[in-house]
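Number of protein chains: 2
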Amino acid sequence: MSLLVVGTLAYDTVETPSGRAEDVLGGAATYCSIAASFFVPVRLVGVVGEDFRPEDRTLLADKGVMLDGLHQAPGRSFRWSGKYVDDLNVAETVDTQLNVLEGWEPTVPEEFRNSRFVFLANSPPALQAKVLDQVDEGAFKVMDTMNLWIEQTWDDLHALLPRVDMLICNDREALALGEDHSLIRAGRKLLSKGPGVVIVKKGEHGAFLWSREFFYALPAYPLEHVVDPTGAGDTFAGGVMGSLASAGQVSERELRRAMIHGSVLASFNVEDFSLNRMQQITRSDIDARYREFLRFTAHP
Amino acid sequence: MSLLVVGTLAYDTVETPSGRAEDVLGGAATYCSIAASFFVPVRLVGVVGEDFRPEDRTLLADKGVMLDGLHQAPGRSFRWSGKYVDDLNVAETVDTQLNVLEGWEPTVPEEFRNSRFVFLANSPPALQAKVLDQVDEGAFKVMDTMNLWIEQTWDDLHALLPRVDMLICNDREALALGEDHSLIRAGRKLLSKGPGVVIVKKGEHGAFLWSREFFYALPAYPLEHVVDPTGAGDTFAGGVMGSLASAGQVSERELRRAMIHGSVLASFNVEDFSLNRMQQITRSDIDARYREFLRFTAHP
Numbered sequence: 030m031s032l033l034v035v036g037t038l039a040y041d042t043v044e045t046p047s048g049r050a051e052d053v054l055g056g057a058a059t060y061c062s063i064a065a066s067f068f069v070p071v072r073l074v075g076v077v078g079e080d081f082r083p084e085d086r087t088l089l090a091d092k093g094v095m096l097d098g099l100h101q102a103p104g105r106s107f108r109w110s111g112k113y114v115d116d117l118n119v120a121e122t123v124d125t126q127l128n129v130l131e132g133w134e135p136t137v138p139e140e141f142r143n144s145r146f147v148f149l150a151n152s153p154p155a156l157q158a159k160v161l162d163q164v165d166e167g168a169f170k171v172m173d174t175m176n177l178w179i180e181q182t183w184d185d186l187h188a189l190l191p192r193v194d195m196l197i198c199n200d201r202e203a204l205a206l207g208e209d210h211s212l213i214r215a216g217r218k219l220l221s222k223g224p225g226v227v228i229v230k231k232g233e234h235g236a237f238l239w240s241r242e243f244f245y246a247l248p249a250y251p252l253e254h255v256v257d258p259t260g261a262g263d264t265f266a267g268g269v270m271g272s273l274a275s276a277g278q279v280s281e282r283e284l285r286r287a288m289i290h291g292s293v294l295a296s297f298n299v300e301d302f303s304l305n306r307m308q309q310i311t312r313s314d315i316d317a318r319y320r321e322f323l324r325f326t327a328h329p
Numbered sequence: 030m031s032l033l034v035v036g037t038l039a040y041d042t043v044e045t046p047s048g049r050a051e052d053v054l055g056g057a058a059t060y061c062s063i064a065a066s067f068f069v070p071v072r073l074v075g076v077v078g079e080d081f082r083p084e085d086r087t088l089l090a091d092k093g094v095m096l097d098g099l100h101q102a103p104g105r106s107f108r109w110s111g112k113y114v115d116d117l118n119v120a121e122t123v124d125t126q127l128n129v130l131e132g133w134e135p136t137v138p139e140e141f142r143n144s145r146f147v148f149l150a151n152s153p154p155a156l157q158a159k160v161l162d163q164v165d166e167g168a169f170k171v172m173d174t175m176n177l178w179i180e181q182t183w184d185d186l187h188a189l190l191p192r193v194d195m196l197i198c199n200d201r202e203a204l205a206l207g208e209d210h211s212l213i214r215a216g217r218k219l220l221s222k223g224p225g226v227v228i229v230k231k232g233e234h235g236a237f238l239w240s241r242e243f244f245y246a247l248p249a250y251p252l253e254h255v256v257d258p259t260g261a262g263d264t265f266a267g268g269v270m271g272s273l274a275s276a277g278q279v280s281e282r283e284l285r286r287a288m289i290h291g292s293v294l295a296s297f298n299v300e301d302f303s304l305n306r307m308q309q310i311t312r313s314d315i316d317a318r319y320r321e322f323l324r325f326t327a328h329p
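Taken in sequence, the protein lines are chains L and U.
First residue of the first sequence? That's 30 in my numbering, and the numbers climb one at a time after it.
First residue of the second sequence? That's 30 in my numbering, and the numbers climb one at a time after it.
Keep in mind that the hints were calculated from the coordinates and are not lab data.
Any given hint might turn out to be false.
Just so you know, same-sequence chains aren't split out, so a pair can sit in one copy or run between any two.
Claimed, not checked - When the alpha-carbon atoms are kept at most 20 Å apart in a straight line, the in silico DMTMM-like pairs for lysine to aspartate or glutamate are as follows:
no. : residue 1 : residue 2
1   : Lys218    : Asp194
2   : Lys112    : Asp52
3   : Lys218    : Glu253
4   : Lys92     : Asp162
5   : Lys222    : Glu253
6   : Lys92     : Asp165
7   : Lys92     : Asp124
8   : Lys218    : Asp301
9   : Lys218    : Asp314
10  : Lys218    : Glu242
11  : Lys218    : Glu140
12  : Lys92     : Asp301
13  : Lys112    : Glu321
None of these values were measured; they are calculated from a predicted model.
Only chain L is shown next, with the shape it has when bound in the complex (with noise of 0.2 Å):
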């Protein structure tokens, strides 16, 4: 089924303990489709500056995303700059430029706006919430958010969570969201919030599902080597969301698929800086490291 990826995209300069990388193709909504793409067409609406290279664009268009919505402004492309020291699992900031997202307000095309699955990721709430008024009531509504929207636009934020089906965010936005400094007791306060599914993820330690039917946890798949975390959420996000829109459905069977699905394809997301790694595998990659990750957590 049809899929919308909503958000960034942009050329990230990063540095992990395994080298550097410079201006290279990035951004949560980059991350997102690119994933999602194993499982569906996607329907990516974004906004990039003059300096988008063709062969970004030609990256995405290979993988079957969908450009129509992709908004090509006067200046620069958004621009972020991180660092990862200690802890693969926290980026630090190094540079910020909004540069073309300053102003930006998301148009999703005619064509796009019967997509039965959305994904809204890390934007401000009001800028979701204008999303969101231009799909379909009855699509699969999905949304991630970060610290920095949940200290400022509280509001916005929790006029928005009663409109989306499902919330994706990290154990520290959890925490802060849920106003708690345990994870367990977040994720369900997360619930009464407005969605009927909450998903937080905890990196290399893996994540957990809550919906008013069930929970679920599960281990991250094991890697040996970590070259760069950026944009594994994200990935992890765009796994579940193609998942999902493949399935056409969000039964608990598909939550949990999907939930794998997101863990494998990040998996393969942090084992090289941008993209790299997600340009060399396929689909009978992610078969395969599904069914590792079926052996590694089998029930005796």
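Since the structure of chain L is provided, determine the placement of chain U on it from the hints.
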């Protein structure tokens, strides 16, 4: 099958965000024995002082812990005092008084020497080696350790590792002993140091198991409220050892079952101070939480 547990009994003074408990029963061998006692009778070897309370002896005996190897020495029992401030995964030691532990050398009673399963709770490796000299070579021998011994008695520890069948330690210890900053690589490296099975406890993040045949990862039981994490790791080890000893074999299936039993026992233990919670639960509480564990980690 018969299980021997050798290690410390203590009186602990513990402060956590939930409160404070003074001079309460603790010690690695105590926690481990009580946890294992839900599966098999436990043969305990340890030392206490003249101040060891009769009611604590009764508590152990009532749980089916055989006390023929519990030596009472002149002086006071081993005392540990610690607190948990922000991170419930890490105890800050306030005070340690070795007391009767000083100069103690464990003697395994003749009738315990044929034990089929042997657990060496955290102790100086030279002391753990002396226990191995007294037990049957064919027993399934398991050891725990701590950073102090990794730092101070590296050679003793490396002489001991090839003599045991399984190592159980926590993530920080695994990284130090494996000399790696990746837990996944460290776990594999520990296997090459001798033991055929390595279990790494990650507190609220679950546990990993490596063997030469398979890898197993599981999340922790999702607890909303942790009162006191003291003894969680030893209780986990006790659940693992009790489960294996009760099965009487160390197959892949039984190791996976043992890991879940360890997690379940530890999850009960942290719900109250000292061994309070362990005195309330029954085997059927354990079995119920085991089934719950299977549900929330069930595959799609």
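Unmet hints by their number, sorted upward, for this structure | 4, 6, 7, 8, 9, 11 and 13
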